[in-house]
Amino acid sequence: MTFTHLLSAADLSREDAVRILDTAEELLSVASRPIKKLPTLRGRTVVNLFFEDSTRTRISFEAAAKRLSADVINFSAKGSSVSKGESLKDTALTLQAMGADAVVVRHHHSGAPHRLAHAQWTQGAVVNAGDGTHEHPTQALLDAFTMRRHLVGGGAGPLGGKGQSLEGKNITIVGDVLHSRVARSNALLLDTLGAHVTLVAPPTLLPVGVDHWPVQTSYDLDAAMEKSDAVMMLRVQRERMNAAFFPSAREYSRRYGLDVARMNRLPDHAIVMHPGPMNRGMEINADVADSDRSVIVEQVTNGVAVRMAVLYLLLGGAAEEENE
Amino acid sequence: MSTTVIRNARLLDEDVVDLLIEDGAFTAVGTGLDAPADAHEVDATDLVALPGLVDLHTHVREPGREDAETVLTGSRAAARGGFTCVHAMANTDPVADTAGVVEQVWRLGLEGGFCDVQPVGAVTVGLGGERLAELGAMADSAAGVRVFSDDGKCVSDAVLMRRALEYVKAFDGVIAQHAQEPRLTEGAQMNEGPLSGELGLTGWPAVAEEAIVARDVLLAEHVGSRLHVCHVSTRGSVEIIRWAKSRGINVTAEVTPHHLLLSDEVVRSYDPIYKVNPPLRSADDVQAVREALADGTIDVVATDHAPHPMEDKECEWSAAAFGMLGLETALSVVQQTMVDPGLLTWADVAGRMSYRPAEIGRVAGHGRPIAVGEPANLALVDPSAERVVEATDTASLSRNTPYAGLTVPGRVVATFLRGRATVLDGELQEVYA
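These protein sequences, in sequence, are chains A and B.
Quick note on numbering: UniProt numbering labels position 118 of the first sequence as 118, and the sequence is numbered without any gaps.
Quick note on numbering: UniProt numbering labels position 291 of the second sequence as 291, and the sequence is numbered without any gaps.
The hints are simulated quantities; they were obtained by calculation from the structure and are not laboratory data.
Everything numeric in this text was worked out from a predicted model, so none of it was measured.
All C-beta atoms, glycine included, are put in the ideal place defined by N, C-alpha and C.
Check before you lean on any hint, since a few could be wrong.
Stated by the list, open to error - Listed below are several chain B residues computed to face chain A (Cβ distance under 8 Å; list not exhaustive):
#: 1; residue: Val159
#: 2; residue: Gly197
#: 3; residue: Tyr270
#: 4; residue: Trp317
Isolated chain B, as found in the complex:
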């Protein structure tokens, strides 16, 4: 493999350094590095160097809905967003509830080569919520699954959730819960509050999330297991998780970029581009999840990238699908909502979008510091850039971004996966060896 030298990068927005990459790893970090004459040179002046981002929550839709996204197109979108590893959620068709399906997804990621695709295994067979899937087989497979989730559906049965939490201790797994009490959210369309009453849309009450989060942290404490809470969206959930952490309960949590930026006011348009599960919440909830991400109560940002074909969004609100794209805009949204207002430094961003998610997902070779001997997974970001999001400017097969037309800060200039550029000058690199 060839050698790359990156000049004058602002390492985590701190020291300006050169980075020498050989054979997929950093071999020197310092100023005025000597590089071989044939080294590929990248000028990173004024760019912030971050460790390759890791997403704990991506829907790649393959197998089953290859019209919306494939492993390849999803990983290309990920690379454009600065990610070098994504966790592919299990709600495919067939569901990723066997070693066979998770290995298929994992291999498709490897073949694509744009980022590592780490499959999430289903907790229950067919996401049916009735009996455990073969979690051990998925853990022992080539994909080495450590994160298990019925995301899209909640493991609402308390006994099943308890058993799942206990069972995955055998292989250091974690249950990532989509916290949604099903009976309280039958037919739910948007956040339940003054606006749902006004718009005549069935409400999705905060208590339906908080009741499950409360139950699950108590279960995790009782059985001494590891719990991860997906897409935290309410102030109440934040307060429960903060309390749980103060008691030493082994719980981690994620927030999505859209819950950091958008409140339910946008639903006034009845445009299903804003329809997502859990729903966009009140401005007060947005404030709460920002504070929680800043103080570490919420550990990580995870995209919940959820591609849908146009026809599932160009329709009536109640007929539309839940979900929005996120991979290519996540870092910009985090910069806008957290970095620019001074709530997080870029070093903090590295923690919340790379180190910590890799640690929660137990993925080796990702979420490592930019240092000699570490795998060269890297994103170079221009924080001074401004761009207008365009729905069609995407590597995803789908276009359901809620940010179209918005001006957002920051741009991913380059992404490196084990020393190989997947993105350079903002463009995907088909072949670069």
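If we strip away everything but chain A, and leave its shape as in the complex, we get:
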């Protein structure tokens, strides 16, 4: 591997990303065995360091590490900052003292995993499990994995799309791009994998400088539907309307929500995705979320496999170096 931490989707070359997806494909089969465990990371310690509540992501990483036989320590440090208790630095020094081989960090402040990885407070591999409004690279990997299984190599076979990228696929990401770490990581990773990304949002929810991103942007969801191979709906918090990002939840839903009429304009093979948790009735209609096109539950399943692959490749690679 050419990376020692996973902080941003931009850390990954296409070769790295495809290798992670291929590894995840193999590891996915572990989940269907009666004994869902491999001995690969026995004796290694993975710390889940969560400064922000996210049961879904924590459980996913925990399951991934445990299925690889790693020792898992869950460290919930919600609200930790200089003003509220132990500092990030002291937390990092503590983890270092405990011998963490990998630190999976979720933080409400953008860049916190980057600080952990580069401030020389800890030597473990750092995996960004979502930082502020910055990135969430394993989410992007599991999204890409899900897309590849459905859109490449003749659909969701047991080894669908192995060795392949997402070259030429049209992916539409809709919603609160401004505040979305999922959108940032997906835009970077999907571009690396050769897909064409279109971000659709009201102008208020696209960041300044989005014209520098490797994507196209549109304010018109309807116009984007017919050419989309996958549509990913982002969570939109209702409170955003109080800061005048949009006038009302209803208006948002009308213009940027995915309902059945819009979904029916997708090509037949297209899939509907959502990183969760969903606001049903806001960005996605219940009938869409529960439709045959929806792969939302599958995304969760794939999340474990992809995170297993990331931990395996990060820590496995480190072990080989130590032995040399």
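Go by the hints and put chain B onto chain A.
Structure of chain B alone, referenced to chain A:
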């Protein structure tokens, strides 16, 4: 007081002269001066003599945050940077919004003796932005306050700003505005641009500065008052100020060393050592403020020296404090960005870091030419020196310099305050009478 003779100094990098200092003033300037046998002699061969530098924008943190800086440690850092006068900003705890607090700060500066500390008075009570502080009382106090600022916060209320501008005319005061539209910068962390979008940090848009600068120059024109714009950071602000000056509006402006040198690209590291308000801007903005300082649109360099304890910087970006040290590196940064590229001469530097700031701040006895009869406030600089900035090599109580590890040109060899050496051979002088 004893006599000092300085030999072979390059006066403003022009003529090589000797300087005779007696009783705190220059008594002779010329070549081959005779000096009394007991005169303290300083060899200034190859050193540039500048008038003692004057900073319009320093945070000394006392009273209230003596863990970060005190008047004494701040003035020692100032002396090491070649300064003989600094303006202490009002955002202390308690706020410098009464005659009592400004006199306390002023006296602490005098007692320390390393540089004159001229307090800036708050514009509004407690920096609250709601009602005027007793500006007249501060002006009439022993500290003789002439510069008023809510720095750290913007006087965003247009009526309050208008009244403040009008009111200080009674005692020739100036309002130094921290231009930041508050609603446009709620939660702001860095310059708003492509990088803030990429890094997921809330943007501080240039328009939030420019909108206030535009409003304020129009207010200053309307009421015929004197306005000073703190830490100009954007090309748009430069253009507005240039326009205002062309209309004859009485506006002056400052730029910080860090806005002259650094662009927002360094924020990629997420290292809060680079977190400052206003934020580091684009490379184009850096170019614009350099040009503006060269052509005089921006009048002065002011440090915005802002000490913070380590724990407020060794943390997540968004949790960290805004601000960086500046006093001990300001002249080097100005040399690197302005003098060495040929944008300013050393005589220009004297104007922008001594004469003009003293004039704006209305401080007597500073910002005077090096000439017979003038107070002997002086900095001797070795422009051929190179040094690597080290965070721990500071007289400040804090270490939050953004330049650690950088090689910068120039070194302040000596500083004299009214004839007394505060720095000699680069070392602070505890007692020298």
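Hint check:
1. Of the supplied interface hints, the one on Val159/B is violated, with its beta-carbon coming no nearer than about 25 Å to a beta-carbon of chain A, more than 8 Å.
2. With a cut of 8 Å, the hint placing Gly197/B at the interface with chain A holds, because the nearest CB-to-CB distance is about 3 Å.
3. Residue-level restraint check for Tyr270/B holds (minimum Cβ-Cβ distance to chain A is 3 Å; threshold 8 Å).
4. Because the smallest distance between the Cβ of Trp317/B and any Cβ of chain A comes to about 5 Å, under 8 Å, the interface hint for this residue holds.
Hint violations for this structure: number 1 only, all remaining hints satisfied.
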